[in-house]
Amino acid sequence: MSDQDLKSKPAETETSNSEAPLVRKRGGMTPAEAAYMRGDRPAVEGSLPMSTSRFLNSPLFVHAFSRMSLRKMGDDIAVTYDIPDMSRAIDDVADYAEWAKLIEIEKLKKPDFAAWLEERRTTQYDPRTMGHYADGTLGAAIRDFMISSGYDLEFMDKGMQPANDLEYLMKRAGECHDIQHMVTGFGPNIAGEHALIMMNVTSNALYFSPDLAAHISRSPYFLASANLMRSSLHYPAGMPRLLEATQLGIEAGRALRKPLHIVNWEDYLDWQMADIAADLGFTRGPGQAWATDDHLLLG
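Heads up: the sequence shown runs through residues 1 to 299, numbered per the working numbering.
Hints in this document: simulated from the structure, not taken from any laboratory. None of the hints are false.
In the SDA-like style, the derived pairs of lysine to any residue whose C-alpha atoms are separated by at most 25 Å in a straight line are:
id : residue 1 : residue 2
1  : Lys109    : Pro210
2  : Lys107    : Pro210
3  : Lys110    : Ser219
4  : Lys158    : Thr129
5  : Lys171    : Pro188
6  : Lys109    : Lys171
7  : Lys158    : Pro84
8  : Lys107    : Ala205
9  : Lys158    : Leu223
10 : Lys110    : Gly281
11 : Lys258    : His177
Computed beta-carbon distance windows for the label pairs:
id : residue 1 : residue 2 : range
12 : Lys110    : Ser66     : 31 to 41 Å
13 : Glu33     : Ala274    : 46 to 56 Å
14 : Phe155    : Gly28     : 37 to 47 Å
15 : Ser232    : Asp85     : 14 to 24 Å
16 : Asp267    : Phe155    : 17 to 27 Å
17 : Asp152    : Gly281    : 22 to 32 Å
Glycine residues also receive a C-beta, built at the ideal position from the N, C-alpha and C atoms.
Let's have the full structure, built from the sequences with the hints guiding it.
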């Protein structure tokens with residue numbers, strides 16, 4: 001290294017608070033600062049970069065989470081493009097035996113949860129037979145959504161007959177996702193999806209045991225945390241709306257009398273939306289009003 005190189009490199013010297021540099025030190029931290037943060041216990045060295053975290057040890061999980069968190073949401077592909085990779089990543093680290101055991105423990109603690117699982121309600125909605133539902137009811141909303149979009153609410157595990165409580169819990173969550181959008185007023189737009197996620201993870205954390213809530217909420221947490229990081233990096237103009245969605249979603253989740261996952265929506269088909277929200281204890285979101293801000297969080 002030449003004398004000129006040594007002169008051009010910023011010195012990594014300690015400075016007092018009153019003498020803090022205007023530009024951050026090269027490398028982010030001085031060696032002394034890094035040592036302070038890492039402590040005096042060196043990491044164990046080995047032939048493989050292994051961690052005590054099974055999530056960090058999963059290449060599928062690391063790849064899916066980092067890509068969803070760091071990429072831009074361009075209009076060349078669907079906003080849901082990363083979901084299959086996320087699904088594989090979560091499956092790679094899932095402990096289904098533990099999850100099933102936690103469900104059995106929860107059933108003993110919560111008779112209403114046990115009764116819901118025992119009943120195993122499921123419905124294949126046909127908009128052609130739903131013309132009798134009045135405007136403003138859940139039944140009418142489902143009918144109109146299916147006709148206008150051409151979508152089938154049972155888009156996951158279609159036709160599958162759950163063999164156990166865990167399979168039913170997972171299948172039911174998928175087939176009721178669009179109904180949750182309709183009832184909560186957190187529409188299928190970027191901020192609305194985020195608010196619904198925060199509503200669900202909050203109610204899960206308050207209702208279920210911590211370990212079971214973590215299993216049930218793993219996909220939503222994955223999506224929410226990636227959404228916040230991606231938006232802060234690439235779409236700062238949309239962050240006020242996304243943070244508002246975070247707040248309103250948490251408030252709605254705290255107000256819920258039970259998680260949306262274990263609501264039998266069939267019992268509410270002839271109810272007005274506002275009455276359903278009142279019965280479940282929460283305040284509805286802004287519907288499609290947030291859709292006008294999607295351009296701030298995409299592109």
